[in-house]
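Trainee: In order, the protein sequence lines correspond to chains A and B.
Sequential numbering of the first sequence, starting at 1, is according to the numbering used here.
Sequential numbering of the second sequence, starting at 192, is according to the numbering used here.
Quick caveat, the hints were computed from the structure, so don't treat them as lab data.
You may find that some hints are simply not true.
Quick list of in silico lysine-lysine cross-link-like pairs, BS3-like style, CA-CA up to 27 Å [said to hold, decoys possible]:
hint : chain 1 : residue 1 : chain 2 : residue 2
1    : A       : Lys128    : A       : Lys171
2    : A       : Lys171    : B       : Lys236
3    : B       : Lys221    : B       : Lys210
4    : A       : Lys162    : B       : Lys221
5    : A       : Lys128    : B       : Lys236
6    : B       : Lys221    : B       : Lys236
7    : A       : Lys128    : A       : Lys162
8    : A       : Lys128    : B       : Lys210
As a plain string of letters, each chain reads:
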Amino acid sequence: MTTDQELIWRLRERDLSALGELFERYRNQVYRVALAIVRDPQVAEDILQDCFLKLHVYAHRVDPERPLMPWLYRVTANLSYTYVSRHQKRNTDLDLVAEQLSTSSAQAPDRVTEHTELQNSVRAAIEKLATNQRIVIILHYLANMSLQDIAEILDCPVGTVKSRLHYAREKLRHELGAIENLSTEYAHGYA
Amino acid sequence: MDTLSLPIIPDEENDEQFKRQVQEAFPVEKMPTAPEILLERILIKAEALPQVSSEDAVAEETESASDVSPSVRIQQQRAAQSKVTPSIRQVRQLQQFNWQLYHQYLERSWNKANVGSGIQF
């Protein structure tokens, strides 16, 4: 298999087949992270396109000696952040409720419904986070990035990443803890 | 069974379990457009776009998508600021210089108008 390094060198020579190979290699990861941040498949797709166009345009800026994924995540995070901050005012809790209603199926078996509801709860809790915290959570837990990598991706000190992660975990503990308490009360017949 | 329906509360100890939960909450989803079509669109656009050379890339360091480390970026920002500061100083000097010129002009005009009167500026 051709290495990323070779593909980047080829891309620098305007070899578009190299861009195609890199797209095939990383499209799912980029799309998944973009979708997790923006929660709109069409927008996530646009971000995916822009991300690979930037890879083509700035191929000379990419260091072939370093892993490509953090660079792609950096562009994805920037593009997603720009989108979210422009559209933040339009997002309301009603959107989250609507999404939960549309994604959970009443006819599915109990186990599947429970599982989907749990996933919805986790997604909804993450969506309630401030954009900065949400991006850190997604890069750390979904994209498996280290704190050092996230600091480089977001262009901020590691301490800032740690702090965002700390406060994000606290908020998630609060949100998910409330769901846990509710479920326990329900299971014991208090509700 | 009950544990499956309860969310894992993130903390230092169950970081890995929470990671799995997040991964499950955001599964790899199918894109609205087929990847081949998307790639075709990217390639068409890419063909029309010029690449930024490495020299241009250095000049465009303020662009958000860059692979430099935070410390390097801070150094670059400071360097950029130091380039800006002298020009501001020059502008201020220029403004001061104009005032001096204006003062000299007034002095000359006054003296010219009052030649022989014995009144000097």
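Trainee: Check each numbered hint against the structure and report the violated ones by number, ascending.
Mentor: 2, 4, 5
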